[in-house]
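One-letter residues, chain by chain:
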Amino acid sequence: MYDVIIVGAGPAGLSAAITCREWDLHVLVIDEFVKPGGRLLGQLHEEPNGEWWNGIEETKQLMDKAESLNTDIRCGISAHHLEKVKDHHFIVHTNKGNFEAKNLLIATGAAETAAPVPGWTLPGVMSIGAAQVMTNVHRVRVGEKGIVIGVNVLSAAIARELQLAGVNLHSMMLPAMNSVTKEHAHPKKVMDGLSRIAHLAPSAFLRFGSRFTKSDFVRKLATQFYPKSGVKMWGMPIHLRKAVTEINGKDRVESVTVFDITADGKLIKGTERRIEVDFVCIAGGLYPLAELAAVIGLPFQYLEELGGHVPVHNKKMETPIDGVYVAGNITGIESAKVARAQGTVAGLSIAKKHVDGKADLDYRLLKAIEQVKTIRNEATIQFHPHISEGREKIEQAFRRIVHS
Amino acid sequence: MTNNRRIVDHPVLGKLSDRKEITFTYDGQTYTGYEGDTIASALLANGVRTLRVHEESGKPRGIYCNIGHCFECRVTVNNETGVRACLTEIKDQMVVESGRVLPSPLASTEHDTLPRTYAEFVKQQEEEKGEV
Amino acid sequence: MDHITICRCEEVTLEDIKNTAKKYQCSAREIKLRTRAGMGYCGGRTCRPAVDAVMEQVTGEKPGHDIPLKVQPPVRPVSLATLRGMQDDK
Chain A
1 MYDVIIVGAG PAGLSAAITC REWDLHVLVI DEFVKPGGRL LGQLHEEPNG
51 EWWNGIEETK QLMDKAESLN TDIRCGISAH HLEKVKDHHF IVHTNKGNFE
101 AKNLLIATGA AETAAPVPGW TLPGVMSIGA AQVMTNVHRV RVGEKGIVIG
151 VNVLSAAIAR ELQLAGVNLH SMMLPAMNSV TKEHAHPKKV MDGLSRIAHL
201 APSAFLRFGS RFTKSDFVRK LATQFYPKSG VKMWGMPIHL RKAVTEINGK
251 DRVESVTVFD ITADGKLIKG TERRIEVDFV CIAGGLYPLA ELAAVIGLPF
301 QYLEELGGHV PVHNKKMETP IDGVYVAGNI TGIESAKVAR AQGTVAGLSI
351 AKKHVDGKAD LDYRLLKAIE QVKTIRNEAT IQFHPHISEG REKIEQAFRR
401 IVHS
Chain B
1 MTNNRRIVDH PVLGKLSDRK EITFTYDGQT YTGYEGDTIA SALLANGVRT
51 LRVHEESGKP RGIYCNIGHC FECRVTVNNE TGVRACLTEI KDQMVVESGR
101 VLPSPLASTE HDTLPRTYAE FVKQQEEEKG EV
Chain C
1 MDHITICRCE EVTLEDIKNT AKKYQCSARE IKLRTRAGMG YCGGRTCRPA
51 VDAVMEQVTG EKPGHDIPLK VQPPVRPVSL ATLRGMQDDK
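Chains as they are written, first to last, in full-length UniProt numbering: chain A, 1 to 404; chain B, 1 to 132; chain C, 1 to 90.
Check the hints yourself; a few may be wrong.
Stated by the list, open to error - With a cut-off of at most 30 angstroms between alpha-carbon atoms, the simulated DSBU-like pairs for lysine-lysine come out as follows:
hint : chain 1 : residue 1 : chain 2 : residue 2
1    : B       : Lys123    : A       : Lys145
2    : A       : Lys393    : C       : Lys22
3    : B       : Lys20     : A       : Lys250
4    : A       : Lys188    : C       : Lys70
5    : A       : Lys182    : B       : Lys15
6    : C       : Lys18     : A       : Lys269
7    : A       : Lys102    : A       : Lys60
8    : A       : Lys315    : C       : Lys22
9    : A       : Lys60     : B       : Lys59
10   : A       : Lys266    : C       : Lys70
11   : B       : Lys59     : A       : Lys145
12   : A       : Lys60     : B       : Lys20
13   : A       : Lys269    : C       : Lys70
Unchecked claim - Label pairs and their computed distance ranges (CB to CB):
hint : chain 1 : residue 1 : chain 2 : residue 2 : range
14   : A       : Arg399    : B       : Asn4      : 35 to 43 angstroms
15   : B       : Phe121    : A       : Lys86     : 23 to 31 angstroms
16   : A       : Asp72     : B       : Asp9      : 53 to 61 angstroms
17   : C       : His65     : B       : Val12     : 18 to 26 angstroms
18   : A       : Glu254    : C       : Asp66     : 54 to 62 angstroms
19   : A       : Glu46     : B       : Asp18     : 51 to 59 angstroms
20   : A       : Thr374    : B       : Phe121    : 27 to 35 angstroms
21   : B       : Glu120    : C       : Ser27     : 52 to 60 angstroms
22   : B       : Glu120    : A       : Asp24     : 30 to 38 angstroms
23   : A       : Asp72     : C       : Ser79     : 38 to 46 angstroms
24   : C       : His65     : B       : Thr32     : 23 to 31 angstroms
25   : C       : Ser27     : B       : Lys129    : 46 to 54 angstroms
Stated by the list, open to error - Partial chain C-side listing against chain B, Cβ under 8 angstroms, derived:
hint : residue
26   : Arg8
27   : Asp16
28   : Arg29
29   : Arg34
30   : Pro77
31   : Arg84
These aren't lab readings, by the way, just hints derived from the structure by calculation.
Note that beta-carbon positions come from the ideal geometry of N, C-alpha and C, so glycine has one too.
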């Protein structure tokens, strides 16, 4: 029986594993991908201080540390069920057999939200995250010329990564509005999101937008007068007043159909044209992947600030089920740095239960919780402007549930 | 075999060092990939995008999420069905086959109009009522 | 536009989902049972947020704190051999 099984070898899972091993717990980390690192692996962006955030390097550092502590990390294992047998006795059901543990840490990260566009099942259409992994992890070009549908924090960052790797992107634009794409297809709402990454882009126009985002009037104006040729970010046009209505092709992507749109996202008749591309990346954002938290019976809260349904937990990464912990994007969509810091918190919380007479642990746990907040406040990429409020709400939900 | 779909040089991530070549087959044709490739990345590097067709409609599908969530890339590997190409490393002499259309009791040239889903069934019933 | 596939696994269109939701004014769960959206190979991981968005628009059903479609194990397809406790011999 393991002291703790960690599901997910991303930044949260790995840092938690390191902390648990530092306190000499018997740890198993499983992940279904071919190598550890999770979504961190594909990440690559330049920080405002000019340094590169290189996900492969960051993963390597975590792995070096984990390996120096003889951490058991196994890839290619898919968990399909988590079961509670009794207090502090859990079974993790996987495709490679069952594993038993006294504690569980669910660090399964996030999945991508689809922004469906007609034709999106054609080979050559992929999620923006798929293109990121193919480019930075597998080092394979996803196509000769492509277009990104969906303008948001994630897609802008990854579009830049594709460019860096020499992948030819025509532009980024919005999906045509339908019942599903709604927010992603509304120029003004997209503008709000864009302005939050303006500091990453050397664009005077976006900086202008960001300074006044608090004013609804100015935001509207900026959308109204959004340049027809798009705003260039690293030389690639970002269009908020153009939308893709259809992806065309017989057996694979051959082109996309594009319309100009009004500031409210309505198609303008007579502006239809085709752009030849051989791949399309769809970017609808991320949501916490919490299915394993659901099957073990954790309660949930729907919090838009955190990206959707998140399992109830507190700052110590504890859940209402004693012995079950969560960390990383399953608790809300934030950067890998936050996830990594949360992993340390979870690791210390687990260690605290199993290591006697170490008053020092309480202090470390408090410090680690503070560290999460500090990193959150300093985040370069912020996925939602009201993250902190979301965090407060989930904390309150935990108190309500545990005290009732 | 070099191939221009590989990103060999990268300004930040650096140059790919020599990797071991691996030979495998996909639908009977022989392809080469590198050690560490997934089935999906090796095939894409060879220009192969279609990994299966929808079991019923026969519409082509390729990778979508590339990290094991969507199951769109499932293929048959050494006779094991439902294997995710994006999560499976290629091994030397691996036999990979694409997903095909499955026989359906409803599939028949005479009964093309049979509903596939309950929603279609209701729609058809209403249309029939309308005609009467 | 309504011919867009929403559920890729079962090829359920936006039109199917909208019409069913309008006609029956039903829950997301009933939509799943009537159209098979979210019942395919991936277990709804790809289309679930999209189905929720359509439901919100058509019936006004906003996502509550409970996950609209109950998540059931196994959350990945597993072979009977695996369930029986056998190891994969790969």
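These are the hints, each one checked on the structure:
A hinted pair counts as satisfied when its Cα atoms are at most 30 angstroms apart, and Lys123/B with Lys145/A does not qualify at roughly 41 angstroms. With a C-alpha separation of about 34 angstroms, the suggested pairing of Lys393/A with Lys22/C is violated against the 30 angstroms cut-off. As the CA atoms of Lys20/B and Lys250/A are separated by approximately 35 angstroms, the hinted pair breaks the 30 angstroms bound. Simply put, Lys188/A and Lys70/C have alpha-carbon atoms about 34 angstroms apart, too far for the 30 angstroms limit, and the pair is violated.
Between the alpha carbons of Lys182/A and Lys15/B the distance comes to roughly 42 angstroms, so the proposed pair goes past 30 angstroms and is violated. Restraint check for Lys18/C and Lys269/A: the C-alpha separation of about 25 angstroms stays at or below 30 angstroms, so the hint holds. Under the criterion of a C-alpha separation no larger than 30 angstroms, the hint pairing Lys102/A with Lys60/A is consistent with the structure, at around 28 angstroms. At most 30 angstroms may separate the alpha-carbon atoms for a hinted pair to count; Lys315/A and Lys22/C exceed this at roughly 42 angstroms.
Distance restraint check for Lys60/A and Lys59/B: the Cα-Cα separation of roughly 40 angstroms exceeds the 30 angstroms cut-off, and the hinted pair is therefore not satisfied. A C-alpha spacing of about 35 angstroms is found between Lys266/A and Lys70/C, which places the hinted pair above 30 angstroms, so the restraint is violated. Restraint check for Lys59/B and Lys145/A: satisfied, since their Cα atoms lie roughly 23 angstroms apart, inside the 30 angstroms limit. Distance restraint check for Lys60/A and Lys20/B: the Cα-Cα separation of roughly 21 angstroms lies within the 30 angstroms cut-off, and the hinted pair is therefore satisfied.
The hinted pair formed by Lys269/A and Lys70/C fails the criterion: a straight-line CA distance of about 42 angstroms is larger than 30 angstroms. Arg399/A and Asn4/B have their C-beta atoms about 58 angstroms apart, which leaves the hinted 35 to 43 angstroms range violated. Range check, Phe121/B to Lys86/A: Cβ separation about 46 angstroms, and the 23 to 31 angstroms hint is violated. Between Asp72/A and Asp9/B the beta carbon distance is about 36 angstroms. The supplied range of 53 to 61 angstroms is therefore violated.
Taking the beta carbon of each, His65/C and Val12/B are about 42 angstroms apart, not inside 18 to 26 angstroms as hinted. Range check, Glu254/A to Asp66/C: about 43 angstroms between beta-carbon atoms, so the 54 to 62 angstroms window is missed. Taking 51 to 59 angstroms as the suggested C-beta distance range, the pair Glu46/A and Asp18/B does not conform, at roughly 29 angstroms. Our hint of 27 to 35 angstroms for Thr374/A and Phe121/B is violated, since their Cβ atoms are close to 58 angstroms apart.
Between Glu120/B and Ser27/C the C-beta distance comes to about 20 angstroms, which lies outside the given range of 52 to 60 angstroms. A hinted range of 30 to 38 angstroms is violated for the C-beta pair Glu120/B and Asp24/A, which are about 60 angstroms apart. A hinted range of 38 to 46 angstroms for the beta carbons of Asp72/A and Ser79/C is inconsistent with their spacing of about 25 angstroms. Separated by about 51 angstroms at the C-beta atoms, His65/C and Thr32/B break the suggested range of 23 to 31 angstroms.
In this structure the hint that Ser27/C and Lys129/B lie 46 to 54 angstroms apart at CB is violated, the actual value being about 26 angstroms. A cut of 8 angstroms between beta carbons decides the hint on Arg8/C: the least distance to chain B is about 6 angstroms, and the hint holds. With 8 angstroms as the threshold, the beta carbon of Asp16/C comes within range of chain B, its nearest partner Cβ sitting at about 4 angstroms, so the hint holds. Nearest Cβ of chain B to the Cβ of Arg29/C: about 14 angstroms, over the 8 angstroms cut. The hint is violated.
Interface restraint check for Arg34/C: the shortest CB-CB distance to chain B comes to about 5 angstroms, inside 8 angstroms, so the restraint holds. Interface restraint check: Pro77/C against chain B, minimum CB-CB distance 6 angstroms, threshold 8 angstroms, status holds. The criterion of a C-beta within 8 angstroms of any C-beta in chain B is not met by Arg84/C, whose closest approach is roughly 16 angstroms, and the hint is violated.
When each numbered hint is compared with the structure, violations occur for hints 1, 2, 3, 4, 5, 8, 9, 10, 13, 14, 15, 16, 17, 18, 19, 20, 21, 22, 23, 24, 25, 28 and 31.
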